[in-house]
Structures are given as C-alpha cells and as structure tokens.
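Peer 1: 8 is the number of the first residue of the sequence shown in the numbering used here; add one for each residue after it.
Hints in this document: simulated from the structure, not taken from any laboratory.
One or more of the hints may lead you astray.
As the list claims (entries may be wrong) - Quick list of the computed label-pair ranges, beta carbon to beta carbon:
id : residue 1 : residue 2 : range
1  : Arg217    : Ala20     : 25 to 33 Å
2  : Lys209    : Ala125    : 19 to 27 Å
3  : Thr184    : His68     : 49 to 57 Å
Unchecked claim - The calculated lysine to aspartate or glutamate pairs, modelled on DMTMM-like cross-linking and capped at a C-alpha distance of 25 Å, are:
id : residue 1 : residue 2
4  : Lys209    : Asp10
5  : Lys209    : Asp151
6  : Lys209    : Glu281
Predicted model only: the values in this text are computed from it and were never measured.
Positions of the beta carbon are idealized from the N, C-alpha and C atoms, including for glycine.
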Amino acid sequence: MNDPVARAALLMAWAPLCGWLVLTLDKLVGAIPLESPRVVTGVLTVLTAAWLPFLWRAYVHWARWRGLTTAAAAALLLIHAIAWQPILPVSGCLSRDLLVASQSLTLTGLWWIGCIVAWWGGACLAQSPALVNFAHGRRLMSADVARLLICLALFPLAYGTAGVMHFAEEYWGGDTTVWTDVRTLLVIFTVALIVPIALWRKRVIWTRARLLGTTGLAALLLASAFGPLIRESELANTQPLGDWLELLGDSAHLLGVAVWIAGAAWLWRYRAGERPPGLESSAIDISRLARCPTCQYGLTGLREVRCPECGWSGTVDGLLEQKLADALDVRP
Numbered sequence: 008m009n010d011p012v013a014r015a016a017l018l019m020a021w022a023p024l025c026g027w028l029v030l031t032l033d034k035l036v037g038a039i040p041l042e043s044p045r046v047v048t049g050v051l052t053v054l055t056a057a058w059l060p061f062l063w064r065a066y067v068h069w070a071r072w073r074g075l076t077t078a079a080a081a082a083l084l085l086i087h088a089i090a091w092q093p094i095l096p097v098s099g100c101l102s103r104d105l106l107v108a109s110q111s112l113t114l115t116g117l118w119w120i121g122c123i124v125a126w127w128g129g130a131c132l133a134q135s136p137a138l139v140n141f142a143h144g145r146r147l148m149s150a151d152v153a154r155l156l157i158c159l160a161l162f163p164l165a166y167g168t169a170g171v172m173h174f175a176e177e178y179w180g181g182d183t184t185v186w187t188d189v190r191t192l193l194v195i196f197t198v199a200l201i202v203p204i205a206l207w208r209k210r211v212i213w214t215r216a217r218l219l220g221t222t223g224l225a226a227l228l229l230a231s232a233f234g235p236l237i238r239e240s241e242l243a244n245t246q247p248l249g250d251w252l253e254l255l256g257d258s259a260h261l262l263g264v265a266v267w268i269a270g271a272a273w274l275w276r277y278r279a280g281e282r283p284p285g286l287e288s289s290a291i292d293i294s295r296l297a298r299c300p301t302c303q304y305g306l307t308g309l310r311e312v313r314c315p316e317c318g319w320s321g322t323v324d325g326l327l328e329q330k331l332a333d334a335l336d337v338r339p
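Can you make the complete structure from the sequences, with help from the hints?
Peer 2: So this is what it looks like as structure tokens:
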C-alpha cells in the first residue's frame, strides 16, 4: 500500500472518529446532549475542515489562491454550523435541526469535492497519465486516489441531499408519501452512477463483459430505489412473509449501494496482462520525474545522482524505479 492509498484509508476513520469525539466530550464535560443533531453536526464539520487539509498538506502545492480558497470555504462551513439556520421555514425543533444537519452534510460533501478539484484538478480529471502534473506539492499525488476521494465525498453529499429533498417536498407539496422516498433515492443514485463512471471511464478497459456487468449493476442500483414500495404493498401486511418484506423494503437501497460499489470495483480492476489504457502511447515529461525525492529539486542535466540543494544522493536505477512507480501508480 503506497502513501496516498494509506492516507485515503486513514480518511475512512473520519466518521467513527467523530462519534468517538462526541462521546468523549460528553464524558469529560457531562452536559452535551448526544441526541442533538447540532452537536454531532458541529463536531463533524470542525473535524472535517481540519482533518482533510492536514492529512493531504504534503501533496498540495499551496499557492496563495488555493490556501485562501480552502480556508474561506472551511470558514463558510463553520459559520453555517454556528448560525444553524434552515433554508426552509419548517415547523418543530427536531425537523428544524434535521434540516440544518442535512444542509451541513450537503455543504461538507460539496466542500470536500471542491477541495479535491482545487488541489489536484489536473490529476483527478485528466484521463491519461500524460496529462497528470506529477509535481503537485512536495510529494507525488496519485490520480486514481484523487478520483477515489471524490467518490468518498459522495457519502455525506448523498445523505445531506436526501434530507434536504425530503423537507423541501414536505414544504412545497404539503405532505410526503412513499413516492417522496423513491424520487429522492432515484436522484441520489443517478448522481452515484454518473460521477464514478465519468471519473473512471477512460481508466477502465471496456470489454463486453465489463459493459454488460456495469449496465446490470446500474439497473440494480436504480431498481433498489423502489424498495419503499415493497414496504407499502399489501403483501407486507401478511404474516410471516410481511416482516421479511418490510425488512427488504427498508434495506433495499442499502443493499443496492453495497452491490454497486463492490461490483464496480471488482469489474473495473485490471486483470493479469492488462495495462491502463493509453499507457503505451503516453509521453511522460522526464523533467517532472527526474527530481530529488526529498526536496523535489530538478536533477535534469546533472552528471551524478546527487541533489545540489539538499545533499541527497542515490543510484540511477533506484531513482527511476521510485519515480516511475509513483507516476504510474504501480508501487506496491
């Protein structure tokens, strides 16, 4: 596991870490209402705004506009969590808190995606290794890891959007029905299909089996959005089948998401003998690879593998092996 992949795995500890922090603060202070969405959302917002830039600071070229944009967007997240104002005039304290919490999750997902695009837009949006700028920050950023981070940001974005859409339909429509849940899930699942396919479409070798498998998984995901209808069917009122149908209706969308993520990851992986599309024809800029691994000083044109800036020295084969592995994302 290389360093960018390890940091992406560390980022997955973000959600349970929020829960642990809330419980710890409640134990130490003893006056935090754990059932309050405001407390949980505030902790989540603060931890996300601090954890994401801290974790990837060495991989970002902190130009002035990047630093200011990241800080300003994080400040807006914190202001929203402190102000705690709903965008719709809903009635009831709990409904109000849930709506603002959904708004906060939506903004967190959008801020997360915005940070990735601002930091490594060329890396995560480029579809060929030749277009990736390997000189981002003090370390080389993996384009595939940048794409994966955008996909991870869809989780808070999806949960937040679902809450906002639910309250919006209740506000404008006067009431919510089972079709409210279906429409909300269809919108979220459509985004969950479009974003990963758009990011990975040219990194996947599209064989007939992969096309058919991806189409089947997409159809299954969209079909799972109609799970709430099972819960409302007449068969759900019968015994003992009704209890199982009600469980299926409540969990169908979760199963659909799990099958889509696991199935797409397994289908799109490279098998033995396959190489990333465009790798053979990509012209890699050697000046971006011939850099000191310690300080990123350019080593092009030097007669020996020694950095005049920081004093690092090595061998030609060692430097090439390390840089090519980083650039092509093949380091074990």
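Peer 1: Holds or violated: the 49 to 57 Å window for the beta-carbon distance between Thr184 and His68?
Peer 2: Given range 49 to 57 Å: holds, Cβ gap about 50 Å.
Peer 1: That 25 to 33 Å hint for Arg217 and Ala20 (C-beta), does it hold up?
Peer 2: holds, 32 Å
Peer 1: Mind checking the alpha carbons of Lys209 and Glu281 for me, to see if they're no more than 25 Å apart?
Peer 2: Within the cut-off at roughly 14 Å; holds.
Peer 1: Taking 19 to 27 Å as the hint, is the beta-carbon distance of Lys209 and Ala125 inside that range?
Peer 2: holds, 22 Å
Peer 1: Mind checking the alpha carbons of Lys209 and Asp10 for me, to see if they're no more than 25 Å apart?
Peer 2: Roughly 24 Å separates the two Cα atoms, so the pair holds.
Peer 1: Does Asp151 lie within 25 Å of Lys209 when you go C-alpha to C-alpha?
Peer 2: Holds: Lys209 and Asp151 sit about 12 Å apart, inside 25 Å.
Hint compliance for this structure: no hint is broken.
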